[in-house]
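Participant: Residues per chain, in single letters:
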Amino acid sequence: MIRLANGLGALLALTLPFWLANPYFLHVVIMAGIFGVLALSLNLLLGYTGQLSLGHAGFFGIGAYTSALLTLRLEWSFWLALPCAVALTALAGWLIGRLALKLRGAYFVLVTISFAGVISLVSVNWMELTNGPLGLPGVPAPELGPWSLRAKSAYYYLVLAGVTLSYVVCARLVGSRIGRAFLALRENEPLAESVGVDVTHYLVLAAVVSAGMAGLAGSLYAHYTRFVSPEVFLFTYTVTMVVMVVAGGKGTLAGPLVGALLFTALPEALRLATSWQWQMLAYGVLLVLLVFFLPRGIVPALAAWRERRAP
Amino acid sequence: MTLAVRDLAVQFGGVAALGGVSFEVRPGTITSVIGPNGAGKTTAFNAITGYLRPARGEVTWDGAPLTGLRPSAIARRGVVRTFQKTSVFPSLSVADNVAIGLHLRGTAGFLDVLLGRRRIRDEERHLAADAEAIIAFVGLVHRRREIASALPYGEQRLVELAVALAATPRLLLLDEPGAGMTSGEKDVVIELIRNIRGRGITVLLVEHDMRMVMGISDTVIVLNHGRVIAEGAPAAIQADPDVIRAYLGTSSDRS
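Line by line, the protein sequences give chains Y and H.
Take the first sequence: its letter number 79 is residue 79 in the numbering used here, and every next letter is one higher.
Take the second sequence: its letter number 161 is residue 161 in the numbering used here, and every next letter is one higher.
There could be a bad hint or two in this list.
If the Cβ cut is set under 8 Å, some of the chain Y residues that face chain H in the computed set are [to be verified]:
hint, residue
1, Ile119
2, Leu121
3, Asn125
4, Gly135
5, Arg172
6, Ser176
7, Leu183
8, Ser194
9, Asp198
10, Val199
11, Val204
12, Leu205
13, Glu268
Derived from the structure by calculation, the hints contain no laboratory data.
From the three backbone atoms N, C-alpha and C, an ideal C-beta is built for every residue, glycine too.
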């Protein structure tokens, strides 16, 4: 049953551009994919190590700017700029992890917020490098041999590959002793240390992987919208990621993806359904209802429901 | 494989919680540390296992110093502790709790995991089998799929024991393993501790229950006001006038 559903889902994902011809819908799906990578990335920290990063827009933005600058200024290929963007954000994640080594809870949150704030200020004020608030227009679309991935249907597959890669990385980590060490850190730190889990090592590792993944999303975003400005650092992006992870189900593998799909599509659906005055209100009410009735998120609620039906 | 504690002292602000304690734990024995509340028993445990930095003194294990190491590094050397207050991974199943305890038995590194190497899958299978064996050893097979925090108190303490055993200790420090248990549950724990020693694991125990202490210990160390006031076989300790005085609270300086 589950295998059938998974197979159908994969088939659906692989053929999507062929039956979803409407470019607007395809755009929504691509954005959902980019946010899916971000939500997976945040979930690694929030869902598994239990540390809330409110600086994820910072990693996202570093990835976007790195990739945009390398392709624009140095005229590197996208395929070289992407891994560089991932590496540089991973490095930033390592720095934050080291800084926050002994900090947990609210203090960890504060460090990550300040980090994103500082990076955002740099992007606005370092005019020579970033072109300031005007941003960087004309980021080139990736090319694959003779083909350009400029068309939405082509870019969709690039994003799908990014989502799949991120998901596999998360799934493999979570199913290993490394993932168990992440959980141990969330559940009971002193106990984890007592059985030999070097907690700080695993917190730094989680931060590095999580940041690198957010950098991947940033690069995918930059070459999709083909314009990068300090807006990529907006706190709203971080909040959206948190909403996606929490609503989908933090600490589950599928939760962030479900959350990303839902909360990318929802604002668009509301835009079609109601006038702008009601959009944010409806969004807020839906969010409150969701958190109220499914406090652990959609995916855990579905899992519990299935268990009750088939004991 | 001897644990040697030399002149171990811990200060909390101006208060000496531990004022220069020395003792040795001989390999293959069960050694108990007893003493009135506030005598420094748990403080000594915390200082030995790296949770507290001692103001002075040294702890060596098999001749090598443990002082200054992080708890996880001490665990890697085979010195593993449990906690006085129930301490499990609360929202995970019993099996997952023990799987975390097996951390040091695994070897999978970051790249192995990302590449999904076959060796790692084999290792996971072995670890799962190890976990099952440990869960059976503490008698929680019927609970293996249940969430740790949902178990009755006594069984949570068994989970703790299983998690500690999973870390392959050569010296196991148990901080009041019988606290809050019914006498039936205590009998189970007593039997378990004997079996643990039977597996060649040295046990250092902090415990208030005298029936338990006198029943299983090879050596008893008595702490009072942060100092060792007696050390010896259970029978000798029970007859020691200093110990009786410490426990009954009639000290010589009152007369």
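Participant: For each hint, tell me whether it holds in the structure or not.
Facilitator: Consistency of the hints with the structure:
no. : hint   : result
1   : Ile119 : violated, 26 Å
2   : Leu121 : violated, 33 Å
3   : Asn125 : violated, 36 Å
4   : Gly135 : violated, 34 Å
5   : Arg172 : holds, 5 Å
6   : Ser176 : holds, 4 Å
7   : Leu183 : holds, 7 Å
8   : Ser194 : holds, 5 Å
9   : Asp198 : holds, 4 Å
10  : Val199 : holds, 7 Å
11  : Val204 : violated, 11 Å
12  : Leu205 : holds, 7 Å
13  : Glu268 : violated, 34 Å
In this structure, the earlier hints numbered 1, 2, 3, 4, 11, 13 are contradicted, and the remaining ones agree with it.
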